[in-house]
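A.B. asks: Fit chain B to the given chain A structure using the hints.
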Amino acid sequence: MPRVSVIIPTHDRPQLLTRAVDSARVSAVDVEIIVVDDASSDGTAAACAQLTGIKYVRAERNQGVAGARNIGIFESTAKYVAFLDDDDLRLPGSLDMQADLLDQHQDAGFVCGAMIMADQDYQPTGEIVRPRHAGGDAFWELLELDFPVMPLCTLIRKDCFSTVGLLNRQVTSIDDWDIFTRIAELYSVIVVDEPVGVYRQPTPFSGQGSSARAIQLQLATRHQLKLLQLPRAAAAPLMQRRKIRRRAIRRVSENLVWNAGAKYLPQGRFSPALANVAVALRLDPLIAVRPNGYKTVAKKLIEKMGVR
Amino acid sequence: MPKASIIITTYNRPHLLPRAIASACASGQDVEVIVVDDASSDETASICQSTRGITYVRLDRNQGVAGARNVGLVASRGEYISFLDDDDVRLPNSLDEQIEALRKTPEAMLCYAKAIPAVASGKQSEPYPAHCPQGDIFWKLLVRNFIPCGTVVVRRTCVSRVGLLDDSIPGIDDWDIWIRIVELFPVIAMEMPVIIWRQSTPASAQGSSRTVELIALGRRRFRDHWMKLPRAVNATRAERHEAWRAFSRNIAEHLTWETLSALRQAQAGRGLTSAQTLLRLHPGALLSVLRRWTRASTIITLMTAGTGRNDLANAKTRFKQIRSDAPRQ
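For the protein sequence lines, the chains are A and B, in the order given.
All residue numbers for the first sequence refer to the numbering used here, where the first residue is 217 and numbers rise by one.
All residue numbers for the second sequence refer to the numbering used here, where the first residue is 93 and numbers rise by one.
Just chain A, same shape as in the assembly (with noise of 0.2 Å):
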């Protein structure tokens, strides 16, 4: 039985697939690669067939990224669990360190660690994202929408899916933040520092990084409301509750602002601007009079001008 199964879902990018398979290949010793073609209508079975070693599964129809997971999950054999995007890299020997920190402690569910941002050609820009926790019990700050877990840096022991069940595919985009919550709300959570992976961005004009981040912020502020009836959140005081979800909604509601503000309009693009504002307005109206948000908006727009 291996130790680490790496779960790599990949659709029509077999050029950058290799890559991700042979970072994944060095991050352990005993690792077991599973590479789960959601429905790709390229060269994908192709190059897998070139590569050795790895167990290659085809879904014949698009099952999205939670459901391709699934599969994983099911065709797994090992006793931890990874997630690695196709274009995304492991760094070597960091499945190592994670699985010996999960041996460590058997009370908990995952082990989450920092990333490298890196541009298109995996070129890093020296930013390097890290957990915001200590550890331990991270339900509350998790179902806060207040500590970001990245698939990329987490290391899952397989059990906890037979506690808590499987991804939820209702909700792709963001099934990785509700199994993360679902799993916080009974084991324990480790947080190290050290970066363990490298996290490819997505270009600026791509459509992923623009209004797709207001749809799955928007879908996690809905989706919130389920998690809120877990039962470890159901039992808390609904004073405690109304505080999650105000806390959330304003945290979210900022986000977008400051994604309109920074992000879209110092690059001149209005639409998707407008509509992370439009967004931001619904969920939070009160965002109007709250000074936080304008501040950072008439900050970038004054910078803007001056260059000009």
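Accuracy of the hints is not assured; some may be wrong.
Quick list of in silico lysine to any residue cross-link-like pairs, SDA-like style, CA-CA up to 20 Å [what the hints assert, rightly or not]:
| id | chain 1 | residue 1 | chain 2 | residue 2 |
| --- | --- | --- | --- | --- |
| 1 | B | Lys320 | A | Ser257 |
| 2 | B | Lys215 | B | Asp177 |
| 3 | A | Lys442 | A | Asn384 |
| 4 | B | Lys320 | A | Asn278 |
Bear in mind the hints are in silico, worked out from the structure with no lab data behind them.
C.D. replies: Relative to the frame of chain A, chain B by itself:
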């Protein structure tokens, strides 16, 4: 590694579970029995822990049948997989025979067989379905789910190819995965009964408003997902239209039956709901239902049902048989 896995999902039914487990263990050689306890709040856990020879998986948070079956799939290791409900009974050696049939036909991915329906009182009736079509049954299965879930044995490899069960459609999740399987692969059917299927009595809560709800859910699934599968998309307009018509006719019949049986039991509210749904979904299908219902055999069945309330369950089964015997143009 075991040859086959039987996944039993259970929720708060400890009095029936041991029988299901024992029958699963005796259904074949080299069988791994996985009991997925969907967060039961009673003594299910202690019963399972004291049962030897099973793999017990306990969910701490209720996931619904489909979610629990998926967890069972993840825990399973067998090359062949079968699901069993906690109130069903698998017949001895039945699993081995089905596996043998699958082994002889390498291209088939799924094998189903008949189920003996038994109402809660223990009364048994003719095995269902009366006809077991084989090979490519995609269009037939779209119209009506005639595959009893517990009789199915699938190959492990096909689960990853079509995806796991969809837990957003409780009640028709099995129908959905069979459709995804038969869209791509041929199936084999065996004429022998392999399980005893405990059906809810018409008077129990399960059979009532849930039926109407399920029909609405199935109709949505049919339009939004099944008709969007490549096989259906690439079919001719006439084929698609025919499938939709047959499907509509079938659910109209179901709803008519539901209305009648509600009225016979003097449950006006229930009858009204199903009649309303029927009129809303298929005003046009009513005519064809009426035409079929005026057939001699159907009238006799209805008259039998009229003689005594207790015969209602038998009448329904007989009605089902008549319907599945009737040729479909």
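A.B. asks: Against the structure, test the hints numbered earlier, and report the numbers of the ones violated in rising order.
C.D. replies: Hint check: nothing fails, all pass.
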